Amino acid sequence: MSGWQDFLAARDIWREPLIASIVAGALCGFLGIYVVLRRTVFVSAALTQLSTLGIIVALILEETMGVEAEHAGVQLAVALAFSVAGALALGMALHGRRLPGEASVGMCYVLAGALVVLGANRLVHAAHDLNAMVFGNAVAVPVSDLVVLALVAVVCAAVHAFFAKELVFVSFDGETAAALGFDTRLWNGLLFLTLGLAIPVSARALGALPVFAFLTIPAAAALLLVGHLRRAFVVAAVIGVVAAAGGYLTSWFWQLPTGATMVSIAGLFVIPGLFLRKG
Amino acid sequence: MSPSAPSTLVAVEDAAIGYGSPFLRGISLNVATGDFLAIVGPNGGGKTTLLRALLGVQPVLSGRRVQNAPLRIGYVPQRDHVDAFWPLTVAEVAIMGRYRLIARGRRPKGVDRAAVTTALDRVGIADLAPRSFRTLSGGQRQRTLIARALASEPELLALDEPTSGMDPPAELDAMDVLRELHRAGGLAVVMVSHRLEAVANYASRLAFVDKDRQLFHVGSLESMVTPDALGELYGRRVNVREENGRRFVYPEPGGTA
Chain L
4 MSGWQDFLAA
14 RDIWREPLIA
24 SIVAGALCGF
34 LGIYVVLRRT
44 VFVSAALTQL
54 STLGIIVALI
64 LEETMGVEAE
74 HAGVQLAVAL
84 AFSVAGALAL
94 GMALHGRRLP
104 GEASVGMCYV
114 LAGALVVLGA
124 NRLVHAAHDL
134 NAMVFGNAVA
144 VPVSDLVVLA
154 LVAVVCAAVH
164 AFFAKELVFV
174 SFDGETAAAL
184 GFDTRLWNGL
194 LFLTLGLAIP
204 VSARALGALP
214 VFAFLTIPAA
224 AALLLVGHLR
234 RAFVVAAVIG
244 VVAAAGGYLT
254 SWFWQLPTGA
264 TMVSIAGLFV
274 IPGLFLRKG
Chain D
113 MSPSAPSTLV
123 AVEDAAIGYG
133 SPFLRGISLN
143 VATGDFLAIV
153 GPNGGGKTTL
163 LRALLGVQPV
173 LSGRRVQNAP
183 LRIGYVPQRD
193 HVDAFWPLTV
203 AEVAIMGRYR
213 LIARGRRPKG
223 VDRAAVTTAL
233 DRVGIADLAP
243 RSFRTLSGGQ
253 RQRTLIARAL
263 ASEPELLALD
273 EPTSGMDPPA
283 ELDAMDVLRE
293 LHRAGGLAVV
303 MVSHRLEAVA
313 NYASRLAFVD
323 KDRQLFHVGS
333 LESMVTPDAL
343 GELYGRRVNV
353 REENGRRFVY
363 PEPGGTA
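Each protein sequence line maps, in turn, to chains L and D. Position one of the first sequence corresponds to residue 4 (our numbering), numbered consecutively onward. Position one of the second sequence corresponds to residue 113 (our numbering), numbered consecutively onward.
Derived from the structure by calculation, the hints contain no laboratory data. As the structure is a computational prediction, the values presented were derived from the model and not from experiment. Any given hint might turn out to be false.
To spell it out: a stretch of chain D is covered by chain L in this simulated footprint if at least three of its residues, at any positions, have a beta carbon under 8 Å from a beta carbon of chain L; those stretches are [said to hold, decoys possible]:
(1) 209–220
(2) 327–338
Away from chain L, derived, C-beta distances all over 12 Å, residues of chain D [to be verified]:
(3) T145
(4) D147
(5) E204
(6) D233
(7) R260
(8) A270
(9) D272
(10) A282
(11) M287
(12) R295
(13) R349
For glycine and all other residues, C-beta sits at the position ideal for the given N, C-alpha and C.
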C-alpha cells in the first residue's frame, strides 16, 4: 500500500483541493435538482461560460492595463460579478415575452464562449492556466478559495433550507404561485442568485466543464433513482460528493485529468437509474 | 351589480388589458360572494389575460382594479402548465395551496395537513394522497389541483380551462365537482373556458371575450345563452336546445347571423 502511504504523506497537497471538490460536488449536486427540473440545464452552461469570461476579463485587464488582478481573490470576485449578473439577467430572460427563453440562454452561452476564445487569444502570460480553469484541475486550491466556497455553500444551504417551500412552489408552478400572491420574480431571482454564486466558486475548484456536469448529472441520476423530491435533493448531493471525491482520488492514483475523471464517475451513477422502473 | 357593492370580492373598472399595449379596453367586471362566473371566448381571445388582471397577477394598463379587503384566492392553472415531471406526491402538491398562509421560513404543521386531507376528501381523492402526482390520470391531476386550491380555504376559486383536454365524462365529472363546491356555500367561482357548452349548465353569469373582434359582453346565463346573443358573439347562427334540464349549444352549418 505504498500508494496510499504516499498519498497520505502528501496530505498538504491534496487536503484543500479534496475538501473543495467535496463541498462543490455537494453544492452543485443539490442545486442541480432545480436546474434539471426547471429545464434550465443550459442556464448553468451559460453561467459557467460567463464566470470563465469574468476570469479572462480580469486577466486581460491585468496584462494590458496593468490593473492588479493576478490575485486569485480578485479573479474570483470578477467571475462572481459576471455570474451573478448573468444569473439574474437569464432568470428574467427565461420569462420574457419577446424571445423564447432558450434563445436568450443560447445566445448568452455562445457569445460568452466566443469571447472566452477571443480573450484567451489575447492572453500572453496566463494562457497556460486556462485549461485548468475550463476543464478542471483541482490541484491547487488556495485556502482563501476554500473559505469563500464554504461560505457560499453555507449561504446557499441556509437560503434553500429556510425558503424551501417558496422556491419549490415557484419552480414547480410559478403561475399558481403568482396568483396566490407570491412575488415570483423575487423567488426566481433568489434561486438564480444562489446558482450565480455557486457556479464561479465551484468552477475555481473543479473547473467550468465539471461544474456544468455536476449541475446536471448527479441530479439526473438522483431523479432516475428516487421518486421523491426531498430524497432526490439528498441523493444528488451525495452523488456529487462521491463523484467529486472518487474522481479526485482516482485521478491521483491513476494520473488522470481530475475534472474529466470526476465527470465520468458521476456519469456511472446514471446507469442504475436507467434500469430502474419506479412510480 | 356595482363593482363597489359590499359583496363584491374583486372587480376591474373601465380597464384596458394586454401585454405592453392594450388589446381590449373599457372592461368592467366584478365578482361577488357566491358568484359563478364563466369567462368564455375563442382560444387566444384574451380570457386568461382578463382572469390574471382580475386576480391582480397582471396589472391593468388603464382603469383600475378594485379589491376592498384581503382576499383568499384558490387558483387552478391549466393542467398542461403544471410540470408533472416533478417527483411530488398528491399531498405535497395539494399542500402548496397552504403556503400563502404559512410564514416565510416555516414548515407546514398539523393544521395544514388536516386542511389538505379535507380538501382531497372534498374532491374525492383522499386515498390518492401518497401517490405520485405524475402517475395520475388527467382527471385525477385536475382534482389534485382543485384540492390544492381548496386547501387555501379560498373565498374565490379561479380556474383556467379546468376541463381542457378532458374526455366528456371526465369533463362532466370535473364540472360536477365544481358545482358541488359552489353549492356547498359562499365560494365564488371564476372559470375560464373556450368551450361554452362546458359551462352553459353550471355558471350563473357569462363574460364573453374576443380581442380579435374587440368584443366584451357580460351578463346572466339566461341573457347570454340565447340564439340571438350567441349569434352576435360567434358571427353565425347558433341554436340552443334544452334536454333533460341540460343546455346544448351548437352552431348551424353554414349559417351566418
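*Hint numbers the structure violates, sorted upward?*
2, 5, 7, 8 and 9
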